[in-house]
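Chains as they are written, first to last, in this note's numbering: chain B, 1 to 269; chain Z, 270 to 450.
Because the hints were derived from the structure by calculation, they are not lab data. One thing to keep in mind: the hints can contain errors.
Only part of the chain Z face toward chain B is listed, based on derived beta-carbon distances under 7 Å [stated by the list, open to error]:
id, residue
1, Cys-279
2, Ala-287
3, Gly-309
DEER-style ranges, computed between Cβ atoms [said to hold, decoys possible]:
id, chain 1, residue 1, chain 2, residue 2, range
4, B, Ile-238, Z, Gly-313, 29 to 35 Å
5, B, Met-133, Z, Arg-404, 53 to 59 Å
6, B, Gln-236, Z, Ile-431, 55 to 61 Å
Note that CB positions come from ideal geometry on N, CA and C, so glycine has one too.
Each chain is listed here by its residues.
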Amino acid sequence: MSNGLRLLIFTPTYAGGLRQATIDSIVAQRTSQRVDWEIGRRNPYPGRDMRNVLAQYDHARDIALGGPYDALLTVEQDMILPPHAVEALCNTAAPVVYGTYMLRHGRPTLNAWQYIGEQGLGMSLDRYPAELMALQKSGIGRVSGCGFGCTLIRRAALEAVPFRSDGAGHAPDMPFALDCTRAGILQMARFDVRCGHIYEGGILSVETGGPTVKVVILQAVNILLGGGGVSLVEGQNIELPPRQAQQLAALGYVKVVEDSAGVPKGTKK
Amino acid sequence: MAFLQVVTRCYRRPAMLAANIEALEAQSDPDWAQTMIIDGVGLGVGAAQAELATFAPTLRGQYIWILDDDDVCTRARLVQEVKAIAAEHDPDIIMVRMDHGRRGILPDNAHWQRPPAHSWIGVSAVIVRRQLWQRHAGAFATARYDSDFDFISALFGADPEIYWHDVIAAKVQRISMGRAE
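Same shape as in the complex, but just chain Z:
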């Protein structure tokens, strides 16, 4: 199985999904795979969070990165870098930053190398060892809109080894809030 498994939730945003895929195709290291979770009915944000809990047993990558269809990877060497970090430091979590657009870079400097703060972090800023991801996937099952924060908090609560890789790895293409294109 690929080193990095990218998990992408999709809901009728094909142009953004194409950009998402294209950016990953540009990775300098091909040791990644992408699995899309297709929403064919319009579940909404909360239920889409809950989908991740049921998806967890199927995960196969050494590390897991959630990059939804309305996000895009902005760093062509990310897989290569993360792989080198994993080889040298073997962390449970590799933290990166994401460009949220409206809210700027997350986590911002005030929250970097700190415990997660609500509204100042997102799932595409967190690359997680699969076993740890699966152990805490239940946090998504509440189907709360912000259960991604519950998940990240649960990860940090497990006292993991964290490597803070200070690069902007992803960008929000559009804040979709469950809407189609």
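Bound conformation, chain B alone:
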């Protein structure tokens, strides 16, 4: 365990919002890195004050830099990491490495923003399907940010770029990405580290770009999913966009086992 990185995972929480699926996915990491995980609970400002977000990340930075850690991995309280996330991010040679997920404010948008040089932040790569497809094929690519949902920040970058708000009381993720971009600090995204993002109506996934429901396959069938053909095998459990799940359920190919909020079928929320 001592040959790899010594990593601090930090999860800022608000109002007991840490999700069971997030706990599950962190504990399920298959990694040889030395990993400590701290759940942030310090919210010094009463109510839903966005200044708490910056206070939490400042606290994370203090712990990481005050300890023997090689890197900080921020994981938000509603993220679902794939089991290889920690290993993949740690094995990426860049000061800042993003797992990919859908941002949930407004229309769901991919958190990997196009790199356009050192002058500023680009837009989400889902506005550039051809470029995104190429990056997803290679699994990794340079970006200009963004988001702290699942982001590895190595010590040197953490030391060089303090967290700050943008002056409007917003979260520090965009200012951090901008400061890194302007400082010429390499930021990469792992397009093969696709995280789920839980929100009130379900789970946003990179594959579908929206909420999904869990289904069990009752009968083998080929379907079109995410722009490609997928063979569904009887007995498998997968996640599908709600509309597709409903259509296939109506035809008897699948059975919905859990709705888009992660609630087992037939139970009350």
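Since chain B is already given, all that's left is putting chain Z on it; use the hints.
Same frame as chain B, now just chain Z:
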């Protein structure tokens, strides 16, 4: 830094970890923090003990309490009580009891207010001042299965000020012996 730092070793037991976290969230005094040591490979019990030795320099709390993911805090006022004890008595160690399930309450009455006896005590019965904890963390480095007892013995051997707080503070959810859920 928080008054009480809870250290939780985790190995693929997410439901028990969630119960562990939830019970701590119910504390009447929020002056605590929890740090999880994640085992991503399945180190086994001995190596998990050794992890504590390398973890020691990162400790920040005024007092340290090991509460692994298959244990759970059973006393919602524990932080409040321990804080009051620390303010009044300033002890190096605050002893509490733990419900081991199969082996009953540890330490049992025969071993309460006595030097530690092998198999009759566990780390979640011992709340320790950080500096003392760090000074003796090397006892864990042997990676022996029962190096937690070596650690507790080393603490007691340092002639510490001990406050015996006779409450059951923790319970074993399941004796995991290094197994996942």
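| task | Against the earlier hints, flag every one the structure doesn't satisfy and list their numbers going up. | result | Every hint satisfied by this model.
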